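S.K.: Heads up: the sequence lines are chains A and B, in that order.
Sequential numbering of the first sequence, starting at 1, is according to full-length UniProt numbering.
Sequential numbering of the second sequence, starting at 1, is according to full-length UniProt numbering.
These are computed hints drawn from the structure, not numbers from a lab.
Being a predicted model, the structure only gives us computed values, none of them experimental.
Hints are not guaranteed to be accurate.
Partial list, computed: chain B residues near chain A (C-beta under 8 Å) [unchecked claim]:
(1) E129
(2) G191
(3) W222
(4) A223
(5) A227
(6) Y230
Sample of chain B residues with no beta-carbon within 10 Å of chain A, all distances over it, derived [what the hints assert, rightly or not]:
(7) L14
(8) E24
(9) G39
(10) D75
(11) L81
(12) G163
(13) L165
(14) T218
(15) G246
Each residue gets a CB set at the ideal place from its N, CA and C atoms; glycine is no exception.
Residues per chain are reported as follows:
Number of protein chains: 2
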Amino acid sequence: MNGAQRTPMTPDELEAALRQIGAERYHSLHPFHDRLHGGHCTREQVQAWALNRYCYQSAIPRKDAALIARCDDRDLRREWLHRITDHDGLEGEEGGIERWLVLTDGLGFDRDYVISRQGALPATKFAVEAYVRFVAERTLLEAVASSLTELFAPNLHKQRISGMLESYDFINEKVVAYFRRRLDQAPRDAGFALDYVKRNARTVEQQQAAMGALTFKTEVLWAQLDALSYAYVSPGIPAPGAWRPGEGMRAGVEAAA
Amino acid sequence: MNGAQRTPMTPDELEAALRQIGAERYHSLHPFHDRLHGGHCTREQVQAWALNRYCYQSAIPRKDAALIARCDDRDLRREWLHRITDHDGLEGEEGGIERWLVLTDGLGFDRDYVISRQGALPATKFAVEAYVRFVAERTLLEAVASSLTELFAPNLHKQRISGMLESYDFINEKVVAYFRRRLDQAPRDAGFALDYVKRNARTVEQQQAAMGALTFKTEVLWAQLDALSYAYVSPGIPAPGAWRPGEGMRAGVEAAA
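Model the full structure from these sequences, guided by the hints.
M.R.: Put into structure tokens, the structure is as follows:
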């Protein structure tokens with residue numbers, strides 16, 4: 001897959017190669033997810049996960065606006081726009097970021113604390129910003145291809161919904177609404193992006209760039225779980241200034257579970 | 001230190017506040033450094049550290065060029081320039097990056113592998129790029145202040161030189177040349193930058209921005225050691241695609257110590 005290949009793949013071979021990257025590198029394989037979905041996280045670990053993941057969720061509209069901002073293709077801009085509103089909401093629809101805040105509400109956090117990101121791990125913020133910049137600076141093909149982790153998201157979300165509802169008494173239908181909604185949204189978006197990449201990545205160089213972009217994106221996701229595991233599972237040393245259990249709770253919410 | 005303070009500190013009070021950030025957050029406090037300097041690292045862990053840290057070292061000239069690139073003050077540009085040549089070298093002087101490669105040579109790495117950064121942890125690359133971008137995008141005062149971790153570097157380097165020479169039979173004077181040289185360079189640079197910040201951070205907002213910049217920089221350094229610890233100490237799971245012991249060695253160097 002690196003360098004040696006001098007004949008372009010067919011579109012279907014490219015799809016298979018992209019799916020293989022997911023099979024090998026998507027963060028569904030990260031040990032933290034086994035712990036989270038299997039009910040082996042403490043409440044504090046679920047809190048730390050939701051708090052840090054907010055940084056990622058809240059950056060998605062900036063990431064998608066960065067793609068639109070460098071795109072001369074009106075059709076692609078029109079198609080891509082709903083990704084912003086899916087997360088930011090529009091008129092009567094609250095959007096995915098609001099649904100994520102319902103999750104952090106359910107975990108007892110003060111909303112202003114979550115939104116400030118002051119308790120997020122530096123490593124989370126670095127990874128998220130690397131993603132926004134990648135989309136702003138690389139080719140449009142790479143920007144689109146980096147979204148293809150959504151191909152692999154529905155299975156993860158299904159596991160998450162059933163695993164978390166079953167395992168944690170502080171998780172209910174209301175707080176998993178984000179993931180339920182993504183079960184419909186992600187396949188539509190991933191299908192479009194996959195089709196775009198298959199149509200536009202025709203040379204060896206383009207195909208390798210697309211695969212590199214998807215690999216990069218898996219690194220962005222994986223690095224966040226590594227940081228979370230180090231800070232809150234083992235050895236469990238949050239970086240100086242990062243959230244510590246009990247911080248950032250709403251008035252009236254008990255600090256410890 | 002956050003928000004409540006409405007009267008600017010004197011320059012000496014600001015210096016004390018900046019030094020306090022170092023006392024609380026500099027990565028000399030990270031458990032990985034106790035392990036490294038105390039002789040408790042395996043050879044593979046020292047290799048992983050040197051390989052990843054190369055990413056940081058090699059980005060320093062870009063970081064310093066980013067500062068010069070947005071600086072209208074000719075005197076400051078002239079003063080700052082030697083930081084680039086300190087690392088890149090000039091004419092007969094090989095520079096700090098070459099000295100770092102002597103260290104990775106000493107650890108058995110193939111130079112092309114190190115320079116390619118292909119085995120570096122994604123989290124390392126994200127942190128390093130966050131630093132380059134911070135310097136390119138924030139105010140000049142913040143860009144200068146973010147260099148102030150050099151105030152705290154000489155003590156760390158002294159510990160490192162003596163600790164590593166004493167503890168590891170694969171470390172000798174030749175490979176610690178980088179750190180010996182920084183014992184002279186860092187205090188000169190830090191003294192200039194500290195003086196600049198003390199003269200230019202006069203309002204509460206400027207002083208808080210300078211402190212925020214130094215705090216950010218400590219996060220950049222700390223996050224790299226968190227990632228290293230997670231991947232190579234405990235639990236010891238490198239991210240997919242990251243260096244695994246034995247990879248990237250020169251021909252003729254045994255893979256395992």
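S.K.: Confirm or reject each hint.
M.R.: Consistency of the hints with the structure:
Look at B:E129: its Cβ gets to within about 6 Å of chain A, closer than 8 Å, so that hint holds up. With 8 Å as the threshold, the beta carbon of B:G191 stays out of range of chain A, its nearest partner Cβ sitting at about 25 Å, so the hint is violated. A cut of 8 Å between beta carbons decides the hint on B:W222: the least distance to chain A is about 5 Å, and the hint holds. With 8 Å as the threshold, the beta carbon of B:A223 comes within range of chain A, its nearest partner Cβ sitting at about 4 Å, so the hint holds.
The beta carbon of B:A227 comes within 6 Å of a beta carbon in chain A, closer than 8 Å, and the hint placing it at the interface holds. With 8 Å as the threshold, the beta carbon of B:Y230 comes within range of chain A, its nearest partner Cβ sitting at about 4 Å, so the hint holds. At roughly 20 Å, the least C-beta separation between B:L14 and chain A is larger than 10 Å, which holds for a residue marked as non-interface. Annotated as non-interface, B:E24 brings its C-beta within 10 Å of a C-beta of chain A; the closest such distance is 6 Å.
Remark: the non-interface label on B:G39 is consistent with the geometry, its nearest Cβ contact in chain A lying 20 Å away (cut-off 10 Å). The claim that B:D75 lies off the interface holds: its Cβ sits roughly 32 Å from the closest Cβ of chain A, which is beyond the 10 Å cut-off. Distance check for B:L81 against chain A: the nearest CB is about 27 Å away, which clears 10 Å, and the non-interface claim stands. The claim that B:G163 lies off the interface holds: its Cβ sits roughly 21 Å from the closest Cβ of chain A, which is beyond the 10 Å cut-off.
Distance to chain A confirms B:L165 as a non-interface residue, since its nearest Cβ pair spans about 28 Å, more than 10 Å. Against chain A, the non-interface label of B:T218 is violated: not every CB pair exceeds 10 Å, the least being about 7 Å. Every CB of chain A is more than 10 Å from the CB of B:G246 (nearest about 19 Å), matching its label as outside the interface.
Violation of the numbered hints given earlier is confined to hints 2, 8, 14; the remaining hints are satisfied by the structure.
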